[in-house]
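Participant: The lines below spell out each chain.
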Amino acid sequence: MRTQTNRIRQTLGWLLNFPALLCLALASAILISCTTTQYAPVTLAAPPQIPGAKFVGNKACAECHEKIHGDFPSSAHGRFYRGDDAHWAQVAGCESCHGAGSKHVETGLAADIVNPRHDPLACLKCHISTHGEFTMPHHHRVLEGRMTCIDCHDPHGQKIHQPAGGLGLQQRDAVCVQCHKEQSAPHVFEHEALREGCMSCHKPHGAMNRGLLIQRDANLCLRCHAQIQTGGAGVFIGKTDHTGFLRGGTCWSAGCHSAVHGSNFSPRLLY
Amino acid sequence: MRTLLAILLSGVGAGAQEPIDISKLPMPAERKVDFATDILPLLERSCLKCHGDNRPKSDYRMTSRDSALKGGELGVAILPGDSANSSLVHYIADLVEDLEMPPEGKAPTLNRDEISLIRGWIDQGVAWSEPTKTVFTAAPMARYITISGSEESFRQHWGMTGGLSLGLGQVTATGQTKSGANVEFDGRFIGGDEDHLTRLRIERPGLDYVEVGYESWREFGLSSGGWLDGMEHSPFSLANAPHLDHDRVWFAAGLAKLDAPKLDFTFESLGRNGRLATQQWGGVPVGEFETRAIYPATKSVNETIHRLSLRAEHEFDDTQIEDALTIEFGELAMERGHAEFFSLPATGANPDYLTQIGEEREFERGANSLRLTRQLKDWWRVSLGHHFTKFDGAAGLEVVSLSPNDPGEAPWMGDRSNAIRTKQRSHLLNASTLMGPWRNLTLSGGVQGESTRREGIATGLALGSSPARFASGQDRTGVEGNMQLSYTGLNHTVLTLGARLRQESIDLREDGHIDSEWGAEGFMRETDEIGRLAQYRAGFAWSPSTEWLVRGGYKWRDSRSDYEHPLDSDLSDESGNGYPAHINRRRARGDVIDLGFTWRRFPKFLPGFRWERHRTDYELDTQSFNEPWGGPSRDGGRHWAGKHESDVFSLSIVSIPHSRLVATTSIGYTDTWSGTIESPALGLQPFEGDVWFYADHLSYALGQATDLTLVRSYYRVDYGGSNLPGAIAYGLDAERYGIVLGIRHRLGQTAMFNVQYGWFNNDEPSANGAHDYNANMILATLSIDLN
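Going down the list, the sequences are from chains A and B. One gets our numbering by counting positions in the first sequence from 1 and adding 3 to each. One gets our numbering by counting positions in the second sequence from 1 and adding 481 to each.
Note that these hints are calculated values from the structure, not bench results. Computed from a prediction, not measured in an experiment: that's the story for all the values here. The beta carbon of each residue, even a glycine, is placed where N, CA and C say it ideally should be.
Which chain A residues stay away from chain B? Per the calculated CB distances, all over 12 Å, these:
1) HIS101
2) ARG120
3) THR151
4) CYS152
5) ILE153
6) CYS155
7) HIS156
8) PRO158
9) CYS179
10) CYS201
11) PRO207
FRET-style restraints, in silico, Cβ to Cβ:
12) B:SER781 to A:ALA113: 37 to 45 Å
13) B:ASN1268 to A:CYS182: 33 to 41 Å
14) B:GLU1045 to A:ALA113: 52 to 60 Å
Starting from the given sequences, assemble the full structure and let the hints guide the process.
Facilitator: Here it is as structure tokens:
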């Protein structure tokens, strides 16, 4: 168990670390500034900022992106949609995610607009807690560039398969099944939780637990599987006395119900 | 002239039928007109914005000589050698009403001198000598990482391997063939991480494309198992670093003509091969009659999937039709190893027993989605869809236990299948609509029906010798509706209401029969389930000015399943052991409160804040039952099963304190309480703790050619209090830092040199230091950009 001293030491280390790095950065800045006379502030921006561009409103976007504009009000993001007036472009329009569009409208170039497919930070500036989940020890590799937000989510509500809302067809966990085929295949004996959806047990973006599990102990299972406590130290789960089992490990890690996604030969999902 | 008349009569109405007075045209330039210096700049300035490759207006592209001469929806626009009768010249000279080019406000118009140049160019034969643009970029990189401590935790956290890695971070080559086709090649190769990508794409804009590619990457896993809080020695670990290699080969082709169906075809071959640690941990004795499952286990995987996808999209008479077909064929072989010990082992010791579970699967999976969407009115869009999925699978399974310390001992045979077959069919029908805005109201919603049938059968030998047969079937039908209504009639405000309702009926049948030497065993079960979900949402977004957005929402959710068990027979003395045969009802109810704001008052300080509160209560209703072997009767009824509560606070700030400095910062805090049974004797207590995270990115421009970057990432997880003495340490107490300081310097116009230093640290007391590491990284990248 962490001691209080250890925690204070780590916190102090962190606080001291920043000034030290800041000093290093400033020293480098001064040294290099002495050798250069010009700088280019327009090259610096945080997505979805686009240096030099102005907001033009949704109507200008709809001239070319007509289909997206038509479907958008029915999407999950459509809750913020409040018409096409350029007045709202910065906070509730296409450009609130894609950046100011005047340069893109002029040139038509992809380089002049922000595409969140290439930079998840454009999404994470609002979905901040999701950013935190992607920094957890076990996570889908979005920040590393291995995946993009668009691989699982449709921000405009126009995909033929739409996870939630929108005009598309919906099938539970369709986006998870694309990659996790082993876990989603039908079995002779099914784990009922799969009908509720993958997120009954998993956090899709990232978690501190292996397998992106919501929890790492038997509490995860006992939410749904009836536990009948008998006196002080006994417990029945599914009419079977599990008193001696729970202390040995979790339902899935103790070598018992290891076929958590379903089994082809064991009615009790043993393997 | 006939061509000109045809053009004008075909498309533009009365105004177009008026004769063209070509005397108003400026005279063609008499000098030699050069395409690259005289014409191309005019096209780029005034034409290509609308008549480029991407969604060209009137289907007319001016990106190559062929496409410019071919014309568009209004017919041929350029007649080489005859500028006076070329409709393009009439349009740019504003001689055709409603077809003045470029339209007002879209791009700068052409003056008479420029029109004269265009006429000269056409009269001189429409030379198109645009030099082929070829762009080549490459980013060779060298990275060296030293790690003291757990290398596998570092790999898991940061996705990088220790030691020296050489590679090409990014290689891109793009160009254009003489026929106007765009050629793109890109690749990536990072040694050590085993990260490779090669892709080639040839595209004729507005016509078709072909793409081939190969990529592979390595997924690194942990080799450790569980541990006990206070354990004095290091947790056990597997001998070799487990990893799984993924690869993908693909071929794609498609048609993208505007007046023809848009078609995309893809063939992919996907592979997974390797070994990872799983969480079916092996038992280790910790007392006379006590074991704890903490010894790491492995699973080897060898999987190949071939996937064919065809997607078609077209618009007939304002009705858009989309169809997506996917067919997959797959083979999967797995073997799981599960160790057991009679005494506390030394690290690396052979287990006393090793159980191996081998599984093979083959499957065919198909899915087709068809959707029709039509805009009935300006304010009314409707969509109908059908989705069908099909799965047929065959599998085999064998369980064997060995004694690695006694090779002479015969293996103990567990269950072994002869044949396993699974089958599933599913249909979805969907109708949805989008209406509005009408009097500031916008309504979207849909209804979806689903019918799924699943069947499975398995035959084999239970415990290696007793003939066994299992079968199951499930019929599921359900209806789901969702609705979203938004109202923008109040000043500065959007109000939203939403609802999602689902009801499904599930008929589940399972039976099994085993002829063991002690007699027949078996069961027959039937469970009828009615599942209901009700979810309601209300929210607002308030923007008193363009500088503010305040938003909030409340979501309430009630998911409930009611069970009836018309059949639950058992050939053993203790009937009624079927699961969940003693559960009458499950219910999960909860809500989410969500509040946030975004502030855009100052362009150089852009904060956003969000708070979410999640709460869910879990309830169960069970039947009474008798404990086995004459034990007491246990009452059933409704009882609390568990609870989950969490508060999530997050803050994001983009700040530009100086014109040379841009900083983005994200901070988050989550406080969670989640529990069911609270019993130290059972080794269980609520999972309670908090998580802090911090991430920022600072860029500072030192000069026109140089900038500094600082990227930091930090989290602290404090669930250590969830550990109980003598029990498996489920709680986690960890703190992790990552700091990367970099400097980028542009070398002329063609190269950028980037050097980064990174420091990474993980401190995890709850794992007794087994996951701790301290790592340093030096990364150098040279980005070369040749045009």
